[in-house]
Amino acid sequence: MAEEKKLFKVKIDNITVEVEPGTTILNAARNIGGEVVPPAMCYYSKLQGSGGKCRTCLVKVTKGSEADPRPMPKLVASCRTTVMDGMEVANITSPEVLEARKGVVEFLLINHPLDCPVCDQAGECDLQDLSYEHGVSGTRYEFKRRTFEKEDIGEHIKLHMTRCILCYRCVFTADQLTEKRQHGILKRGDASEISTYMRASLDQTNFIGNVIDVCPVGALTDRTARFKNRVWFLKPVDAHRDCEDPKCCGKTVLWMRGDEIFRVTARKDKYGEVEGFICDTCRFEKKEVKDWVVEGPRKIARHSVISQGHYVGVHKPQETVAKVMDGRQPKLLMDIHSVSEVNMPQVDLSQLEGPAHSTDFPTNKGVQ
Amino acid sequence: MGRKLLLDKAHIEGIRYYDVYRKNGGYAAAEKALKSMSPDQVTEEVKKSGMRGRGGAGFPTGMKWSFLAKPEGVPRYLVCNADESEPGTFKDRYLMEFLPHLLIEGLLISSYALGANTTYIYIRGEYAWIPDILEEAIAEAHKNGFLGKNILGTGFDLEIYVQRGAGAYICGEETALIESLEGKRGLPRIKPPFPAVKGLYQCPTVVNNVETLAAIVPIINIGGDEYVKYGIGKSSGTKLISACGNINKPGVYEIEMNISVEEFIYSDEYCGGIPNGKRLKACIPGGSSVPIVPANLLLTTAKGEKRMMTYESLNDGGFATGTMMGSGGFIVLDEDQCVVRHTLSLARFYHHESCGQCSPCREGTGWMEKVLKNIEHGKGKMSDIDLLWDIQRKIEGNTICPLGDAAAWPVAAAIRHFRDEFEWHVLNPDEAQRRNFGLVHYADPLPVAAAV
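Which chain is which? The protein sequence lines are A and B, in order. Heads up, the first sequence is in the working numbering, so the first residue is 152 and it goes up one at a time. Heads up, the second sequence is in the working numbering, so the first residue is 118 and it goes up one at a time.
Because the hints were derived from the structure by calculation, they are not lab data. Keep in mind it's a predicted model, so treat the numbers as computed, not measured. Take these hints with a grain of salt, some might be off.
To be verified - Calculated lysine-lysine pairs in the BS3-like style (CA-CA distance at most 27 Å, straight line): (1) A:K157 to B:K308; (2) A:K197 to B:K487; (3) B:K301 to A:K338; (4) B:K164 to A:K253; (5) B:K498 to A:K295; (6) A:K211 to B:K308; (7) A:K214 to B:K308; (8) A:K253 to B:K498; (9) A:K225 to B:K181; (10) B:K315 to A:K225; (11) A:K338 to B:K498; (12) A:K225 to B:K490; (13) B:K487 to A:K295; (14) A:K156 to B:K301; (15) B:K315 to A:K211; (16) A:K338 to B:K181; (17) B:K152 to A:K162; (18) A:K253 to A:K211.
Next comes chain A alone, as it looks inside the complex (with noise of 0.2 Å):
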């Protein structure tokens, strides 16, 4: 048998966790789960370096090791501290940690938009759930808002940058993912934006899709599935398909409203990050359902939006009108939509280019 690896003992707001030494906190607080593990906007653990950045998962090292116990003084970034034998760490527990964390999210929302309303990552936006968990409800900045042009950086892929927190992760991605990074950090200070040098340059490999799918917040959108529909009227299916590309591991998440297939992306996991990556072909051109192996319904957190339309476990309202009718039956109830034309069930919105316009249900009278 293997020589045994010396654990290391770490104490996360005061639950004991045994992990391999060079461990990260926040994985250490990963490992036991839960309300302990700290927000993560920048950090992914597939993509190297990345982290350190947002300063949402800040923490409170209370005791440092136990060779040396003296606490840190400062709140220190647990996605990139490593841990050492008997470190003691304050998340939850620690005032100082929630308030700064509290500050750490206003200061990411002053320049946001906050155009959920018309934004297709709402619903799966990890700023929104942060937000939710740990911001406050009024704001205190009382200046314009930085925006930015927006631009379509290839052929598939929208760049909002206005909605942009700057967590780096694209830029890990094309590099760690494609064979040449085409777009990065231009400027500097609050003026810094992602962006490519030549416009439109994000179409040379296989790989860039990725971005879409590390991007936390809706900077980064599919141009194919744009405006076509909110992601919680889509049901998430698990399918997989015999990729072409070796480094693609061809296991998605295809999110569809009966047949039609409107999105295709990796599958992430609680941690909204992503279990493997895909291909650019499986993500942008299989729109169909005869190109995948439907393997069943994609678990969804239950507290997610996304699962407000799947009733699982929900007991079905019992059918009433005979009851307050005195027994009898009525004499005239249809389903509408099983005869009515409104929605046009022949124009397929997932084939159309961009956003339906009016234009796309041509009636008799013309457009509508």
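Could you slot chain B onto chain A? The hints should help.
Chain B alone, transformed into the frame defined by chain A:
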């Protein structure tokens, strides 16, 4: 006259050139170190001198050197931080412009002590004419056998390269400097690992300020034990102070760290007092990022002692009533200066220079500037002052590098000590556009602390 160690020969005509420098005792320390001392002995001497880093943080240099990792077969680097961008600080420029050989000699001795065969001088791009001076001096040193292969026959090799920055304050932060030197965006790295373990090109690296490295020369010349006799206590040696603002004689002064702040401002040897008979209102004694203090707290500490120009005395009272030595950018404000306006210009600077990597600094600095602009231009509200306080509190300590702290401290100190001036601006928006708040009570003697 205070004793001098660095600028004692600065007045000699032609000291910029090798021949004159050599004739006046130059490179004697280098000969002494390389020929008669081992690298560890040099480090030991620097440790004994107790010299603290002159770049701002004041960390003991000898200690920093001893942290350098020394794995086999991995090159080590020494980087000279000449990215002097702190508003109010211009001492390194003076040193490099007039005594380039002093810096090169210091670099040679330090590189020898650290075992670095390649040394970089990272100089800010705005000092456009200084790289030429340095490169000329490096060429002269080469010609005379103090650089290159097998220096003085000791077998020690050293090359010094001058690299220009492209105009970013953040590149004065050591890890951002290293990134920039590697040719990348100047973004601070997340520590650990510290540069002493993984710095330039992932190799052990020491980054020191220009003045620190130049001061190695007198330390070797007179010995660490003698160096400690300059200054008071842990503030050993001499310090270059760049004095500016409302004083009669602005400029770079070398002080022995045993004089009082009052003497420094009013004596004819140094600043020569405040012009036009005006009175002292406030001072930032260590470069723009250290806390501003009003006149009464500047001249005496909260305990009622005379405040001295030393690291400890300036820091006496912590942030509540003290300030910091910083990089020695001594900015004096007389009674006609407006602290709100002054704080605004500092906030504007930090907003402009924030690198944008981590969120508190990127978003917070801009927010502070906008709020301060409102207050300064008569559109402020009372709640804005508390808001400012809250913003700075949430930036400080929560960022990757100290730029966040540097942006937060001036605002915090201005509100802490000059809150009534801010309130006056809010309450009298029209009057605040026409006149300044004036000196009011800022120079009044402090209430004597009750004996405990």
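For each hint, the structure was consulted:
1. A:K157 to B:K308: With Cα atoms ~25 Å apart, K157 of chain A and K308 of chain B stay inside 27 Å; holds.
2. A:K197 to B:K487: 38 Å, violated
3. B:K301 to A:K338: Answer holds: K301 of chain B to K338 of chain A is near 13 Å, not above 27 Å.
4. B:K164 to A:K253: 43 Å, violated
5. B:K498 to A:K295: Satisfied, since the Cα-Cα distance of roughly 17 Å is no more than 27 Å.
6. A:K211 to B:K308: OK: K211 of chain A and K308 of chain B at ~16 Å, within 27 Å.
7. A:K214 to B:K308: 18 Å, holds
8. A:K253 to B:K498: Given that 27 Å is the threshold and the Cα spacing comes to 23 Å, the pair holds.
9. A:K225 to B:K181: OK: K225 of chain A and K181 of chain B at ~21 Å, within 27 Å.
10. B:K315 to A:K225: 22 Å, holds
11. A:K338 to B:K498: 32 Å, violated
12. A:K225 to B:K490: With Cα atoms ~30 Å apart, K225 of chain A and K490 of chain B exceed 27 Å; violated.
13. B:K487 to A:K295: 10 Å, holds
14. A:K156 to B:K301: Measuring from Cα to Cα gives roughly 38 Å; hence the hint is violated.
15. B:K315 to A:K211: 25 Å, holds
16. A:K338 to B:K181: Between K338 of chain A and K181 of chain B the Cα gap is close to 34 Å, so the pair fails against 27 Å, i.e. violated.
17. B:K152 to A:K162: 54 Å, violated
18. A:K253 to A:K211: 15 Å, holds
Checked against the numbered hints given earlier, this structure breaks hints 2, 4, 11, 12, 14, 16, 17; the rest are met.
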